[in-house]
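S.K.: As given, the protein sequences belong to chains A and B, one line each in that order.
Read left to right, the first sequence gives residues 1 to 939 (full-length UniProt numbering).
Read left to right, the second sequence gives residues 1 to 219 (full-length UniProt numbering).
Possibly wrong hints are sitting among the right ones.
No farther apart than 30 Å at their CA atoms in a straight line, the calculated lysine-lysine pairs in the DSSO-like style are these [as the list claims (entries may be wrong)]:
#	chain 1	residue 1	chain 2	residue 2
1	B	Lys136	A	Lys830
2	B	Lys136	A	Lys834
3	A	Lys652	B	Lys82
4	A	Lys379	A	Lys342
5	A	Lys722	A	Lys755
6	B	Lys7	B	Lys212
7	B	Lys136	A	Lys652
8	A	Lys834	A	Lys780
9	A	Lys168	A	Lys201
10	A	Lys204	A	Lys172
11	A	Lys342	A	Lys245
12	A	Lys245	A	Lys172
Don't read these hints as lab results, they were simulated from the structure.
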Amino acid sequence: MRLGSGTFAACCVVVEVLGVVLFLRGFFPAPVRSSSSSKHQAEPPAPEPSAGASSNWTKLPPPLFSKVVIVLIDALRDDFVFGSKGVKFMPYTTYLVEKGASHSFVAEAKPPTVTMPRIKALMTGSVPGFIDVVMNLNSPALLEDNVITQAKAAGKRIISYGDETWVKLFPKHFVEYDGTTSFFVSDYTEVDENVTRHLDKVLKRGDWDVLILHYLGLDHIGHVSGPSSPLIGRKLSEMDGVLMKIHTALLSEERETLLPSLLVLCGDHGMSETGGHGASSTEEVSTPLLLVSSAFERKPGDIRYPKHVQQTDLAATLAIGLGLPIPKNSVGHLLFPAIEGKPMREQLRFLHLNTVQLTKLLQENVPSFEKEPGFEQFKISERLHGNWIRLYLEENNSEVLFNLGTKVRRQYLDALKTLSLSLSRQVAQYDVYSMVVGTVVVLEVLTLLLLSIPQALSSKAELEVPLLSPVFSLLFYLTFLVLSAVHVIVCTSTESSCYLCSLSWLTAGGVMVLVSALLCAVVSALTKVLVRGKLLSKNAAHSNSRWSELDLLILLGTLGHVLSLGASSFIEEEHQTWYFLVSTLCLALCHDIYRNYLPGDDCEPQRCLHVEGGFDGATPALQDKNTSSAVLELNRGCKSPSSLGTLRGYEKWMVLASPWVILTCCRLLRSLNQTGVQWAHRPDLGHWLTSSDHKAALSVLAALSLAVIFALIQRRCSPASKVAMALGLLGVYCYRAAIGNVLFPWQQDNKDISKGILEARFVYVFVLGILFTGTKDLLKSQVVAAGFTVKTVGLWELYSGFVLLAALLLRPHNLPVLVLSLLIQTLMAKFVWKPLRHDVAEVTVMHYWFGQAFFYFQGNSNNIATVDISAGFVGLDTYVEIPAIFLTAFATYTGPVLWASHLVSFLSSEASRITAGDRSLDSPEGLLEGRSPCHRALS
Amino acid sequence: MKDTDIKRLLYTHLLCICSIILSIFIPSFFLENFSILETHLTWLCICSVSVTAVNLVLYLVVKPNASSKRSSLSFKVTRFVKCCVYFLMSCFTFHVIFVLYGAPLIELVLETFLFAVTLSTFTTVPCLCLLGPNIKAWLRVFSRNGVTSVWENSLQITTISSFVGAWLGAFPIPLDWERPWQVWPISCTLGATFGYVAGLFISPLWIYWNRKQLTYKNN
Numbered sequence: 001m002r003l004g005s006g007t008f009a010a011c012c013v014v015v016e017v018l019g020v021v022l023f024l025r026g027f028f029p030a031p032v033r034s035s036s037s038s039k040h041q042a043e044p045p046a047p048e049p050s051a052g053a054s055s056n057w058t059k060l061p062p063p064l065f066s067k068v069v070i071v072l073i074d075a076l077r078d079d080f081v082f083g084s085k086g087v088k089f090m091p092y093t094t095y096l097v098e099k100g101a102s103h104s105f106v107a108e109a110k111p112p113t114v115t116m117p118r119i120k121a122l123m124t125g126s127v128p129g130f131i132d133v134v135m136n137l138n139s140p141a142l143l144e145d146n147v148i149t150q151a152k153a154a155g156k157r158i159i160s161y162g163d164e165t166w167v168k169l170f171p172k173h174f175v176e177y178d179g180t181t182s183f184f185v186s187d188y189t190e191v192d193e194n195v196t197r198h199l200d201k202v203l204k205r206g207d208w209d210v211l212i213l214h215y216l217g218l219d220h221i222g223h224v225s226g227p228s229s230p231l232i233g234r235k236l237s238e239m240d241g242v243l244m245k246i247h248t249a250l251l252s253e254e255r256e257t258l259l260p261s262l263l264v265l266c267g268d269h270g271m272s273e274t275g276g277h278g279a280s281s282t283e284e285v286s287t288p289l290l291l292v293s294s295a296f297e298r299k300p301g302d303i304r305y306p307k308h309v310q311q312t313d314l315a316a317t318l319a320i321g322l323g324l325p326i327p328k329n330s331v332g333h334l335l336f337p338a339i340e341g342k343p344m345r346e347q348l349r350f351l352h353l354n355t356v357q358l359t360k361l362l363q364e365n366v367p368s369f370e371k372e373p374g375f376e377q378f379k380i381s382e383r384l385h386g387n388w389i390r391l392y393l394e395e396n397n398s399e400v401l402f403n404l405g406t407k408v409r410r411q412y413l414d415a416l417k418t419l420s421l422s423l424s425r426q427v428a429q430y431d432v433y434s435m436v437v438g439t440v441v442v443l444e445v446l447t448l449l450l451l452s453i454p455q456a457l458s459s460k461a462e463l464e465v466p467l468l469s470p471v472f473s474l475l476f477y478l479t480f481l482v483l484s485a486v487h488v489i490v491c492t493s494t495e496s497s498c499y500l501c502s503l504s505w506l507t508a509g510g511v512m513v514l515v516s517a518l519l520c521a522v523v524s525a526l527t528k529v530l531v532r533g534k535l536l537s538k539n540a541a542h543s544n545s546r547w548s549e550l551d552l553l554i555l556l557g558t559l560g561h562v563l564s565l566g567a568s569s570f571i572e573e574e575h576q577t578w579y580f581l582v583s584t585l586c587l588a589l590c591h592d593i594y595r596n597y598l599p600g601d602d603c604e605p606q607r608c609l610h611v612e613g614g615f616d617g618a619t620p621a622l623q624d625k626n627t628s629s630a631v632l633e634l635n636r637g638c639k640s641p642s643s644l645g646t647l648r649g650y651e652k653w654m655v656l657a658s659p660w661v662i663l664t665c666c667r668l669l670r671s672l673n674q675t676g677v678q679w680a681h682r683p684d685l686g687h688w689l690t691s692s693d694h695k696a697a698l699s700v701l702a703a704l705s706l707a708v709i710f711a712l713i714q715r716r717c718s719p720a721s722k723v724a725m726a727l728g729l730l731g732v733y734c735y736r737a738a739i740g741n742v743l744f745p746w747q748q749d750n751k752d753i754s755k756g757i758l759e760a761r762f763v764y765v766f767v768l769g770i771l772f773t774g775t776k777d778l779l780k781s782q783v784v785a786a787g788f789t790v791k792t793v794g795l796w797e798l799y800s801g802f803v804l805l806a807a808l809l810l811r812p813h814n815l816p817v818l819v820l821s822l823l824i825q826t827l828m829a830k831f832v833w834k835p836l837r838h839d840v841a842e843v844t845v846m847h848y849w850f851g852q853a854f855f856y857f858q859g860n861s862n863n864i865a866t867v868d869i870s871a872g873f874v875g876l877d878t879y880v881e882i883p884a885i886f887l888t889a890f891a892t893y894t895g896p897v898l899w900a901s902h903l904v905s906f907l908s909s910e911a912s913r914i915t916a917g918d919r920s921l922d923s924p925e926g927l928l929e930g931r932s933p934c935h936r937a938l939s
Numbered sequence: 001m002k003d004t005d006i007k008r009l010l011y012t013h014l015l016c017i018c019s020i021i022l023s024i025f026i027p028s029f030f031l032e033n034f035s036i037l038e039t040h041l042t043w044l045c046i047c048s049v050s051v052t053a054v055n056l057v058l059y060l061v062v063k064p065n066a067s068s069k070r071s072s073l074s075f076k077v078t079r080f081v082k083c084c085v086y087f088l089m090s091c092f093t094f095h096v097i098f099v100l101y102g103a104p105l106i107e108l109v110l111e112t113f114l115f116a117v118t119l120s121t122f123t124t125v126p127c128l129c130l131l132g133p134n135i136k137a138w139l140r141v142f143s144r145n146g147v148t149s150v151w152e153n154s155l156q157i158t159t160i161s162s163f164v165g166a167w168l169g170a171f172p173i174p175l176d177w178e179r180p181w182q183v184w185p186i187s188c189t190l191g192a193t194f195g196y197v198a199g200l201f202i203s204p205l206w207i208y209w210n211r212k213q214l215t216y217k218n219n
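Assemble the whole structure, with the sequences as input and the hints as a guide.
M.R.: In structure tokens form, the structure reads like this:
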């Protein structure tokens, strides 16, 4: 069957995506779940174990605390409370930690350290997967068993103020709530005042059982100005005041009730040195956890150091404290100090409940749970516990009872620790089988693509896909049989769960067929290439592909970058690699230019002649790649003396200066945004510009940038889109002024900050208009065959539409990135690629390098914390999923997308230029066709 | 003729290597707490001075290129001044290039500049000695098939290997090994030095190995 190369590429991409999905499914572990989690009916609580004599205590123990207040401060790092900052700014909390009736812990949050998964972990006690990061933007209701749902079922009245994630996670759970949104990161006072303003009323009223306060201000400060900002101290003092108010109110109320109340201070995640969060560095995962209650009285001189615990432990503790069943999926264990003051019988009862719950979870998730050490410990301690109960009911000597009780308690605590550990480890297990199958699929498709490149880029841009032969080949059936056997063996012998095995037999068989068919296709393509290679090598030795230094650099650089990803530091600092490579590329181009331009080089004519000879040798073999490569080589061979000699004086100087200009631009951009890990805290221009003192400078810069963008982009647009572009860029400035990022000269104080919906939608209209005209031109050129000029104009319009959208979405201090990207593209196209006539492959790889470098110039990094989610809300009233995801993705990948679209339009314009101006060449067809598959694949 | 040339080349290169090695060990007899890493700047100064001196002496003694026809004193003086200007210019150019590559603009200026001086000693000084202040000759030597003698060939190899060494020297900086030499510009200067020494070693061997293939156009 013959396929166009575009179709072939599309098929390959689809299969590739399938492989990657399979791999990711194996790589990201499925969360530990209790199978009975779907049905919510309450199981009877486990009765107290007893040996012989029957115990009469089968109901759940009563609650320990009458009221629980949870104060969750977003991005509260442990040293903000326990470190020097805490001593300085939070005197009341420090007093509670050091002398008060409290227990303090350092709770370790599991990555991803993003708010929603962390709230889930705190309330369900389970470890949410990475997939929850995607859901963080739009939190669906939590269906898993959790403390809040249990509390509601038990008739507790819950009130929530603060981050609206709570309201989304637990709809209809709260008798009263006021959600604050976390997406206006620049607001860090009002967002907290909206929480605190309810406090007095609520504390006085006292008709509630659980109060949840989620303060977002600290996180916002972290995002805007980092953990060492002076704003942090002010915010911490404010939080300290809030805590004092709550604590005194609780204490005064306690006198009237019998049971004490509990105040919980915790953070959902920490804050990295740059102020972001999401990854797994120590600063991001350590959060303070402070339990304050008059039940935790301590004698003077009793010094309690903060112990290291897991964040998931809070759920079990809260459930016990409120007299609720422990959430089924909780992997945490009870914080023992919280129940230390209770009588021995109750202590043991709580520990037993927790152990039973963990053991049940273990039984449902680990097939061979009987071999687990935790399970054995559980059995032993349960038996001991039974003995203790019997002694207790017989009212034995209290000394013996106490000693035995201590032993049982230690046994239980050990069992809890082991169980919790093995359950958490279960979460971190990879599904190796699925990963291997996914990798195999990906690698096979990749090889197939590589092998078919010469054929796909040939003059016909078509290739023979051997579809029938694999079906009848012996190899196909053999591999299929072997794979099926392997599948059966793996699925019957494996201990842990495995995604492929859980699929139906038909689907798994389909995957096997795919793998073996791909293998056959690869083998047949390989033999073809080998046969052709032999023929070619017999034919002629004309393929004297002398690599220029530039080619060598491009190849080694790309390869070196791939290899560098083996070291984790190089992944963290990937931007350094790209900056380094791009600078080197500029210097290499400079070297190329100077060698070609400056006189005194007498070997050039020889080279030209030499390659011309090669071209003659190549002409007979017109049908495949030889043509295109020979034409390219011809171009390259003759380029230097002719092209640069004919340039006018001004252009000559521009050619000579452009690499230096580009290098300077790159250096400027480099100091605009510091990213990565090691040097991320360094001061940079971006922070200087965004600080409120320099708003005027930012406004001037933004206005200037927009003007330069217009000047650079308009030269090849049609008149209509020129006007649209100008209006659109004006709209961008108005939008930024409306949301308070920049100023108009006539408006000195910005009182009315709006969401800028109208202005943003005004720009969207022009973006869509420009994109529409571009698509129309493209379609026209495809249907009417109007030639390359129409197509080029269409592609350029598409490109300018993207530029306008990027100008709208990028933060104003990042507009120089856009400007310099356009400038570099213009310079490169006009003064480097055209005069030096680099071939398609070189131009493509250079675009790729620059695109990658610009990804990092924008301030991105390989850390999820640097994604700017505010771009997803430009021009939208509320959160709408599809546009928000699209806009965020576009804003994040602006650099690569712009360079890719520039590549397409540049190659198309080059092709049209060559057809128009250079008809003397024997066969430009090969050259053009060689480029067109690339267009097709991209457009 | 050629074999003797190669032999002379080898000896001069060995002397250069010796000068670098001595610059590491000799100063510790005279200076307190001298070590390459801790008193890096001092070492850079000593190393570049000694390499320059050795290069100049060797140039005067060996006289690799045919002496120029005019040898009046004023001509020599202008030539020397020109060489100095060229050397300074190359230092500043390297400094600018380092900054463009990402070296800090304001902090560590002295360090960056001394690195530029060192790299200039490894590359520009031999060029100046051998080719004189003559840009066209430089361009000829550093373009493909442009060398006309064993000396120029070795010059090409040592210069390129110093550059490549300095370039590769930047790679360990982002790694988190926390070694004292992973600091700008120590790893780069060490890389440049290693590259230069390697070039000095390799070039005579390589020329000797390929002496049959190498045919130099005599001008």
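S.K.: Does each hint fit the structure? Answer for all of them.
M.R.: How the hints compare with the structure:
{"no.": "1", "hint": "B:Lys136 / A:Lys830", "result": "28 Å, holds"}
{"no.": "2", "hint": "B:Lys136 / A:Lys834", "result": "26 Å, holds"}
{"no.": "3", "hint": "A:Lys652 / B:Lys82", "result": "27 Å, holds"}
{"no.": "4", "hint": "A:Lys379 / A:Lys342", "result": "24 Å, holds"}
{"no.": "5", "hint": "A:Lys722 / A:Lys755", "result": "27 Å, holds"}
{"no.": "6", "hint": "B:Lys7 / B:Lys212", "result": "16 Å, holds"}
{"no.": "7", "hint": "B:Lys136 / A:Lys652", "result": "19 Å, holds"}
{"no.": "8", "hint": "A:Lys834 / A:Lys780", "result": "27 Å, holds"}
{"no.": "9", "hint": "A:Lys168 / A:Lys201", "result": "24 Å, holds"}
{"no.": "10", "hint": "A:Lys204 / A:Lys172", "result": "24 Å, holds"}
{"no.": "11", "hint": "A:Lys342 / A:Lys245", "result": "28 Å, holds"}
{"no.": "12", "hint": "A:Lys245 / A:Lys172", "result": "28 Å, holds"}
Going through the hint list in order, the structure satisfies each hint without exception.
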